[in-house]
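Same order as they appear, the protein sequences are chains A and B.
Going by our numbering, the first sequence opens with residue 1, and the numbers climb by one from there.
Going by our numbering, the second sequence opens with residue 382, and the numbers climb by one from there.
In case anyone wonders, no lab produced these hints; they're calculated from the structure.
The beta carbon of each residue, even a glycine, is placed where N, CA and C say it ideally should be.
Keep in mind that the hints are not guaranteed to be accurate.
Label pairs and their in silico Cβ distance ranges [unchecked claim]: (1) A/ASN345 <-> B/GLY522: 41 to 51 Å; (2) A/GLN367 <-> B/GLU447: 44 to 54 Å; (3) B/LEU498 <-> A/THR74: 33 to 43 Å; (4) B/LEU488 <-> A/ASP58: 47 to 57 Å; (5) A/GLN100 <-> B/TRP433: 45 to 55 Å; (6) A/PRO149 <-> B/ILE658: 57 to 67 Å.
Sample of chain B residues lacking proximity to chain A, with all beta carbon distances greater than 12 Å (derived) [stated by the list, open to error]: (7) GLY457; (8) PHE476; (9) ASN483; (10) LEU488; (11) PHE518; (12) GLN519; (13) LEU531; (14) MET619.
Chain by chain, the residues run as shown.
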Amino acid sequence: MTTRITRRQLVQRGAAGVTMLSLPGLLAACGGGGGGGDGGEVADVLRFSNWPLYIDFDETTKKRPTLDEFTKQTGIEVRYYEDINDNASYFGKIQGPLSQGRGIDRDIVVLTDSTRFPALMISKGWAEELDKDKIPNIANLVDAQASPPFDPDRKYSLPWQSGMTGVAWNEEVTGPVTSIQQLLEDPKLKGKVTLLTELADTVGLVMLSNGDDPAQVSDESFDRALATVQKAVDSGQVRRFTGNDYAQPLTKGDIAAAIAWSGDVVQLLPANPKLKWAIPEKGAMIWTDNMLIPTDGSVPTASTYMNFVYDPKIAAQIAAYVNFTSPVTGAREEMVKIDPEIADNTLIFPTDEMLSDLHQFDSEALQNEDYIQKWQTILGA
Amino acid sequence: MSFLHRHKGLTPYLLLLPGIAWLAVFFLVPLGFLGYQSLESGSFESGYTFTWSFSNYWDAITTYDEQLLRSFLYAGIATILALAVSYPLVYWIAFRGGRWKNLFLILIVAPLFVTYLVRTLAWLNILADEGPVVSAFQAIGLVAEDGRLLATGIAVVAGITYNFLPFMALPLYVSLEQIDARLLEAAEDLYASKRQAFLRVTLPLSAPGIVAGTLLTFIPAAGDFINAQLLGTPRQSMVGNVIQSKFLELIDYPAAAALSFILMALILAALLVYARIVGTERLTG
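For reference, chain A alone in the conformation it holds in the complex (with noise of 0.2 Å):
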């Protein structure tokens, strides 16, 4: 459990495996399987891509104990890709079946809400409907994930997981760091900060700093938080931008404080007690990673499933093991039965008052290939 590694530190691997060079037009997709989107019968295989070490697994019988009571109830049997090791890669290798209407063997794939990508998938017309007389368990699904901007009626997703974004410090290196403005200006901090490479994470919790909503991004806010990064950046207080491998210098102490995800921190804590997490004065960003059926993928086979993950038992079991927050109500309360030091975490399971305190980033500016750009060459890129 200590030295588990989370998702999200699978980035960079995933980042050096993605060829650069992926023609869409040449590269097809491996043909036949399973499923297909074709009519409405359910098929006896669900294909499902999602992130590595983000459903439950039992360590001794090498087992996803949730997938195997989902066969068990349905006789679907289920292929399980860990193959999504970073938004912009997976999308690179999927985009090009895609836009030839050609599907890619996947009847769910899972992608960040604090991305382009979720959205483009659905203004692209590349993810099917779901079929909701097939998840009547959508009654579960939270208030606050009802209606997302990208897909405000819940036509083509469903959450799988959230995350906060917020900052995370060593308490070995210092004291503790309470808002974005002592990230970037404390010169004790000089030159130990990191800073997120997605956009929404880091500049999300800046246009908070800066008094600012990220929820309604306009260019002059937008441009206003890149002005705080690019000087913090300059003076030297940020010594880089990273995905989650912060974890480990963190860990180390070679950095003092970034800008982090929550379940990573839960995951490294129980090995490095002297890591802290909080929500920063000004509040925290949240985000979510949303199922959604790729162009081809079997809506009712895929439909099922939603419906069986957003059973309460089920999503606590998840929950329990991957650390994040989960999108089902009951959960917690499920989660009580099974291990009630987990449901006791504001981590996994925030408090109202943390709730209040999150801020989803504006979908339509996340589109905007101008922010993009900008960001990108703040990046360095």
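With chain A fixed as given, assemble chain B onto it according to the hints.
Structure of chain B alone, referenced to chain A:
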């Protein structure tokens, strides 16, 4: 059989066919596609259309001149360092290694058995602020007391040098290993000093290895982005980082394709200059 008998001249071409077909399908066609893409305009949202948009090239060069220059600088330094480190090393293995030669060679190649990425991540530990290297350098004054190596250009160049070292060392070893020891004896018989024998016999004979090694090191190093990403900061970003960002984050395929072509052209130009200086016969070794 009768056909090949009558047209004996065709045999070499028939033998070449699989290779040519392979190159055509997996290199030339994609390259053509990439060239086509680099002249498109538009956005991913609205779709890209082919418009002979040569401005993609100009934009790329003017916007990313800094990263292009840095790529060549870092790759150049890393290549020279790799040569400086591996020449004495493989020289010793080739001439003094004796029956341990193969073991030493395996030791040089062994890091390649580990994933590129993991090797690079290992440097995060090696160069860590509280790590042995930084402490040792601080003790002898090479690094300031509050200084660091990680997230600097030094770390990036060190990472590149380390990662591509075997590609320098192996060709060098092959050319040094092949040198006939009797030639060196002959040189001494002709009153050459050790130094002269090295400069006039060993070094020229190992030139094909040096050329092959520098090419194998420099070309991939110039396009590398992992070292800059993991060991550097935005100020160390190389053209590979820009292409990655254009391709994956911005989904700006035309710009990514144009930059790839520019990188290719610049590397080719550098090779031509290099070939001029060292002579083409050595390029083919």
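Results of checking the hints against the structure:
1. A/ASN345 <-> B/GLY522: 41 to 51 Å: At 47 Å between Cβs, range holds.
2. A/GLN367 <-> B/GLU447: 44 to 54 Å: 28 Å, violated
3. B/LEU498 <-> A/THR74: 33 to 43 Å: Hint holds: Cβ distance 38 Å, inside 33 to 43 Å.
4. B/LEU488 <-> A/ASP58: 47 to 57 Å: Violated - the Cβ-Cβ distance for B/LEU488 and A/ASP58, about 40 Å, lies outside 47 to 57 Å.
5. A/GLN100 <-> B/TRP433: 45 to 55 Å: With Cβ atoms ~24 Å apart, the hint is violated.
6. A/PRO149 <-> B/ILE658: 57 to 67 Å: 59 Å, holds
7. GLY457: Its Cβ never comes within 12 Å of chain A, the nearest being 20 Å, so this holds.
8. PHE476: Given a closest Cβ separation of 37 Å, the condition holds.
9. ASN483: Per Cβ check, B/ASN483 is outside 12 Å of chain A; nearest 30 Å; holds.
10. LEU488: Label holds. Min Cβ-Cβ 24 Å, cutoff 12 Å.
11. PHE518: 15 Å, holds
12. GLN519: 14 Å, holds
13. LEU531: At roughly 7 Å from the nearest Cβ of chain A, B/LEU531 sits no farther out than 12 Å, so the non-interface label is violated.
14. MET619: 9 Å, violated
Checked against the numbered hints listed earlier, the structure breaks hints 2, 4, 5, 13 and 14; every other hint is satisfied.
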